[in-house]
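Colleague: Starting from the structure of chain A, add chain B where the hints point.
These protein sequences, in sequence, are chains A and B. Residue numbers for the first sequence, in the working numbering: 24 to 207. Residue numbers for the second sequence, in the working numbering: 69 to 259.
Hints listed in this document are in silico derivations from the structure and should not be mistaken for laboratory results. Using N, Cα and C, we set each Cβ at its ideal position, and we do this for glycine too. Be careful, since some hints might not be right.
[Said to hold, decoys possible] Under 8 Å between C-beta atoms, here's a sample of chain A residues computed to sit facing chain B:
id, residue
1, 26
2, 29
3, 61
4, 62
5, 63
6, 132
7, 133
8, 135
9, 136
10, 157
11, 159
12, 163
[As the list claims (entries may be wrong)] Derived pair list, reagent style DMTMM-like, types lysine to aspartate or glutamate, alpha-carbon separation capped at 25 Å:
id, chain 1, residue 1, chain 2, residue 2
13, B, 162, A, 193
14, B, 107, A, 64
15, B, 169, A, 101
16, B, 202, B, 154
17, B, 162, A, 72
18, B, 162, A, 144
19, B, 231, A, 64
20, B, 162, A, 167
21, B, 169, A, 167
22, B, 231, A, 59
23, B, 98, A, 136
24, B, 107, B, 191
25, B, 162, A, 101
26, B, 169, A, 59
27, B, 162, A, 156
28, B, 169, A, 156
29, B, 98, B, 185
30, B, 98, A, 156
31, B, 209, B, 185
32, B, 133, B, 92
33, B, 162, A, 164
34, B, 107, A, 136
Here is how the chains run, residue by residue.
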Amino acid sequence: MLKNSTKSYGWATICMHWLQAVTILFMFGLGLYMVDLTYYDPWYRGSLELHKSIGIMLMVLWAAMLLWRFANTNPKPEPGPAWEQLAAKAMHWVLYLTIGSLLISGYLISTADGRSIAVFDLFQVPALPALIENQETVVGEIHEILAWSLIGLVILHFAAAMKHHFLNKDNVLRRMIRPLGQSR
Amino acid sequence: MKKLFKAAALSAAMIAATSANAADYVIDTKGAHAFVQFKIQHLGYSWLLGRFNTFEGEFSYDAKKPEDAKINVVIQTASVDSNHAERDKHLRGKDFLNVSKYPTATFTSTRFIPADDNNGTLEGEFTLHGVTKKISFPVKKIGEGSDPWGGYRAGFEGSTTLKMADYGMTYNLGPASADVQIDLYIEGIRK
Numbered sequence: 024m025l026k027n028s029t030k031s032y033g034w035a036t037i038c039m040h041w042l043q044a045v046t047i048l049f050m051f052g053l054g055l056y057m058v059d060l061t062y063y064d065p066w067y068r069g070s071l072e073l074h075k076s077i078g079i080m081l082m083v084l085w086a087a088m089l090l091w092r093f094a095n096t097n098p099k100p101e102p103g104p105a106w107e108q109l110a111a112k113a114m115h116w117v118l119y120l121t122i123g124s125l126l127i128s129g130y131l132i133s134t135a136d137g138r139s140i141a142v143f144d145l146f147q148v149p150a151l152p153a154l155i156e157n158q159e160t161v162v163g164e165i166h167e168i169l170a171w172s173l174i175g176l177v178i179l180h181f182a183a184a185m186k187h188h189f190l191n192k193d194n195v196l197r198r199m200i201r202p203l204g205q206s207r
Numbered sequence: 069m070k071k072l073f074k075a076a077a078l079s080a081a082m083i084a085a086t087s088a089n090a091a092d093y094v095i096d097t098k099g100a101h102a103f104v105q106f107k108i109q110h111l112g113y114s115w116l117l118g119r120f121n122t123f124e125g126e127f128s129y130d131a132k133k134p135e136d137a138k139i140n141v142v143i144q145t146a147s148v149d150s151n152h153a154e155r156d157k158h159l160r161g162k163d164f165l166n167v168s169k170y171p172t173a174t175f176t177s178t179r180f181i182p183a184d185d186n187n188g189t190l191e192g193e194f195t196l197h198g199v200t201k202k203i204s205f206p207v208k209k210i211g212e213g214s215d216p217w218g219g220y221r222a223g224f225e226g227s228t229t230l231k232m233a234d235y236g237m238t239y240n241l242g243p244a245s246a247d248v249q250i251d252l253y254i255e256g257i258r259k
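Isolated chain A (complex conformation) (with noise of 0.2 Å):
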């Protein structure tokens, strides 16, 4: 039940998978609306202390999902055309592609000084030597365009749900739920 099968996905799956999904639904929000705060705003320094611990966490979850998948079994696509399989597929993988990056690039503008990121004032993730000249504007620019492509990407893995569940009617939704069993 904890591990995928070869007809559904595992509680852990489920559970990093929603957790993720509203975790960077959040942190899109959040962003937004941060680096719109006036400079007396009470919420201008917390607002991106909070971006900045979330993201932290949220790169572990990720890595933790990545890994976890790499080290199960995962459920066989449900029928259909193979370009809709491979579709699936090469989604997932921009999917993960494209959150890595943004975590990244994330790390790399707070970082670019040499300074480290404080999670939550529980521990300090330190810094890695700048990589090029005003990194932080440069990977500023390329973390909001990630950040936008992200929620295309998105809106188009949820509309690929969406339409397995209620046109196909198959358990391509049902089984990101929860762990379906043998029977259908």
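Modeller: For chain B alone, coordinates are given in the frame of chain A:
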């Protein structure tokens, strides 16, 4: 013999050309003996300091004819450095310098009015954030003379305060932080 004479004439011409431009200096940004610093109040409780790391310029100065002095400086706005990446990112963005649209800030002097041997007022046009304004500010000569490596150097300092809103930067940092002080410390190597 003819060749030697030609060479001698050429050297003499070169020396003459050099001495004609004896009052021309290039600002020593290569050796980082020049600084464009800025200073702004933080909340009215303290100062925030920063600088522009990349700029270049030239000036002319002859102690015998100080009224002929002139200077030209080009600052790369993206090189703003307040020792904090997240703040620098904000400063480069649309709320402040908007460096992708306005990559340089320039100062070109139009007149120098000497007051005494070491002081005077510099007038010129300053372009920042796409806005050009006439400004004037006091300048002080620190010193000039030979350096230990065979060159000749002269150094000056100057300071001016400008209202950010005058240059189209209206992001509200609070009532105490509407003005920014710019301090120039330049050392030139005579060409």
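Colleague: Run every hint past the structure and note whether it holds.
Modeller: Hint check:
About 41 Å separates the beta-carbon of residue 26(A) from the nearest beta-carbon of chain B, more than 8 Å, and the hint is not met. With its C-beta approaching chain B no nearer than about 47 Å, residue 29(A) sits outside the 8 Å limit, and its interface hint is violated. Interface hint status for residue 61(A): upheld, as the beta-carbon distance to the closest one in chain B is roughly 6 Å, under 8 Å. The closest approach between the C-beta of residue 62(A) and any C-beta of chain B is roughly 5 Å, which is under the 8 Å cut-off, so the hint is satisfied.
Because the closest C-beta pair between residue 63(A) and chain B is about 7 Å apart, less than 8 Å, the hint holds. Annotation: residue 132(A) was flagged as interfacial toward chain B, and the flag holds, the nearest CB pair being 7 Å apart, inside 8 Å. The interface hint given for residue 133(A) is met, as the beta carbon of that residue sits about 6 Å from the closest beta carbon of chain B, less than 8 Å. Checking residue 135(A) against chain B by beta carbon gives a least distance of about 4 Å; that is within 8 Å, so the hint holds.
Interface restraint check for residue 136(A): the shortest CB-CB distance to chain B comes to about 4 Å, inside 8 Å, so the restraint holds. For residue 157(A), the interface hint holds, since its Cβ comes within 8 Å of a Cβ in chain B; the closest pair sits about 6 Å apart. Taking 8 Å as the C-beta contact cut-off toward chain B, the hint placing residue 159(A) at the interface holds, the least distance being around 4 Å. Here the hint on residue 163(A) is kept, as its CB sits about 5 Å from the closest CB of chain B, short of 8 Å.
A distance of roughly 48 Å separates the Cα atoms of residue 162(B) and residue 193(A); the hinted pair therefore is violated under the 25 Å criterion. Annotation: proposed proximity of residue 107(B) to residue 64(A) holds, straight-line Cα distance about 23 Å (limit 25 Å). Among the hinted pairs, residue 169(B) with residue 101(A) is inconsistent with the structure: their alpha-carbon atoms are about 51 Å apart, more than 25 Å. With a C-alpha separation of about 32 Å, the suggested pair residue 202(B) and residue 154(B) falls outside the 25 Å cut-off, and the hint is violated.
Proposed proximity of residue 162(B) and residue 72(A) is supported: the alpha carbons are some 22 Å apart, at most 25 Å. A hinted pair counts as satisfied when its Cα atoms are at most 25 Å apart, and residue 162(B) with residue 144(A) does not qualify at roughly 31 Å. With a C-alpha separation of about 23 Å, the suggested pairing of residue 231(B) with residue 64(A) holds against the 25 Å cut-off. Taken as a hint, the residue 162(B) and residue 167(A) pair is honoured in the structure, with Cα atoms around 14 Å apart against an allowance of 25 Å.
A C-alpha spacing of about 18 Å is found between residue 169(B) and residue 167(A), which places the hinted pair at or below 25 Å, so the restraint holds. Note on residue 231(B) and residue 59(A): the hinted pairing holds, with a Cα-Cα distance of about 23 Å set against a maximum of 25 Å. Simply put, residue 98(B) and residue 136(A) have alpha-carbon atoms about 23 Å apart, close enough for the 25 Å limit, and the pair holds. A threshold of 25 Å between alpha carbons decides the hint, and for residue 107(B) with residue 191(B) the separation of about 21 Å falls inside it, so the pair holds.
In summary, the hint linking residue 162(B) to residue 101(A) is not supported, as the alpha carbons are separated by about 48 Å, beyond the 25 Å threshold. At roughly 20 Å between alpha-carbon atoms, residue 169(B) and residue 59(A) fall within 25 Å of each other, so this suggested pair holds. Distance hint between residue 162(B) and residue 156(A) is fulfilled; the C-alpha atoms sit about 19 Å from each other, no more than 25 Å. The suggested pairing of residue 169(B) with residue 156(A) holds, with an alpha-carbon distance near 18 Å, which does not exceed 25 Å.
Only pairs whose Cα atoms come within 25 Å are accepted, and residue 98(B) paired with residue 185(B) is rejected, the gap being roughly 28 Å. Taking the CA atoms of residue 98(B) and residue 156(A), the gap is about 18 Å. The hint holds against a cut of 25 Å. For the proposed pair residue 209(B) and residue 185(B), the alpha carbon gap of about 8 Å is at most 25 Å, so the pair holds. Among the hinted pairs, residue 133(B) with residue 92(B) is consistent with the structure: their alpha-carbon atoms are about 12 Å apart, no more than 25 Å.
The suggested pairing of residue 162(B) with residue 164(A) holds, with an alpha-carbon distance near 12 Å, which does not exceed 25 Å. Taking the CA atoms of residue 107(B) and residue 136(A), the gap is near 20 Å; set against the 25 Å cutoff, the hint holds.
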